[in-house]
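Residue-level listing of the chains:
2 protein chains.
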Amino acid sequence: MRIAILTFDGFNEIDSFVALTILNRLAGQGWSAQITSPGAEVTSMNGVTVRAQQGLNFAAEADAVLIGSGIRTREYAGDAALLGQIRLDPARQLIGAQCSGTLLLARLGLIGDLPACTDLITKPWVVDAGVRVIDAPFVAHGNVATACGCLAAPYLAAWMIARLAGPAEAEAALHYVAPVGEKAEYVARAMAAIGLARGDGAGNRSARRS
Amino acid sequence: MRIAILTFDGFNEIDSFVALTILNRLAGQGWSAQITSPGAEVTSMNGVTVRAQQGLNFAAEADAVLIGSGIRTREYAGDAALLGQIRLDPARQLIGAQCSGTLLLARLGLIGDLPACTDLITKPWVVDAGVRVIDAPFVAHGNVATACGCLAAPYLAAWMIARLAGPAEAEAALHYVAPVGEKAEYVARAMAAIGLARGDGAGNRSARRS
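Read top to bottom, the protein sequences are chains A and B. In terms of this note's numbering, the first sequence opens at residue 120 and continues consecutively. In terms of this note's numbering, the second sequence opens at residue 120 and continues consecutively.
Everything labelled a hint here was simulated from the structure, so no lab data went into it. A portion of the hints provided could be inaccurate.
[What the hints assert, rightly or not] Capping the alpha-carbon separation at 25 Å, the derived lysine to any residue pairs in SDA-like fashion look like this:
#, chain 1, residue 1, chain 2, residue 2
1, B, Lys302, B, Leu315
2, A, Lys242, B, Gly147
3, A, Lys242, B, Tyr295
The task is simple: from the sequences and hints, build the whole structure.
Set out below in structure tokens:
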């Protein structure tokens, strides 16, 4: 599985990197989640400059695409040339967005009138784009998911893993990153947040893998 | 407050960046948490190359220092020249380490025989360095704290904020990054993990600020 983590200047470090670390837990099974940006480098909201691992054309090729948030998303949401470079196909790809990233998904026409998650600052803009915002950390409709609150990033990553490798793999990745002494509780809460309460794993997993 | 996030090749992205984002929530109050590395660039365990914002000499000047984990920490723990460049003063600085970062703190002589947190892979090396490892996400002794499990990074950041700006500021930073719909619960759990149950805030805060 190849996963594009769409990352633009002004990006929130938690959104992009938490998902990247968790998704790459499956590197041994051939997974690769990479920082995907318009330019050769991208600088975060707190001034950290990162070398892009992929260009925006990778978003069209990837098996899954994740759009984090950032302090300049509203500007990008009005940039037709930039939006035109992001070619996503929800029939073939899993697509996730977080906080203000939901605004980009809305502008790309990938949310429609379905409920979605975003932050309070972005909410009026997302509502203006016709989306109904709900007070939840995560929601998925078919192949498109939205999440909000930086630390909902593990939920998006776990949803992608559950959908593409099965719930047991999602639980294992969450277990690894959870705080020591809170692991079982954390995994149960995260799996419930993405609609996969613990114990459902086996059935869903075989269904997904078949 | 100036905070050095010590980051070496092979670093875990969650440890370094989650703390960086949370600590920089106080940028408006003059806080600055920066990626601090031996070279001009540093590459993560999943191949992301980041431009260092500070060199290792910054660790000696900073008000607080945080050491994340990584896949090459055992190698660094045996590198006397590297360890010699990390000059920390627990009498003046707050110092935190996460997972395998605890091994570096132990080799720097900053843990002694006090209980500390680390991961299962690093545990035998930390024990070998004379440290008693406990099954908890976070523990602090005076100005030195250790945490483990990537997603215990917010606990280390919150502890630094609580100590240097007061518990109410720590709660506010945690509230911002917590998942939507789980914020109150998340803040309460995190504050309890760092030994500051909610409601204690006002008293501790004025004590810290006085």
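When you check the alpha-carbon spacing of Lys242 of chain A and Tyr295 of chain B, does it fall within 25 Å?
-> Answer holds: Lys242 of chain A to Tyr295 of chain B is near 15 Å, not above 25 Å.
Hey, Lys302 of chain B versus Leu315 of chain B, does the alpha-carbon distance stay inside 25 Å?
-> holds, 16 Å
For the pair supplied as a hint, Lys242 of chain A and Gly147 of chain B, is the alpha-carbon distance within the 25 Å limit?
-> holds, 23 Å
In this structure, every one of the numbered hints holds.
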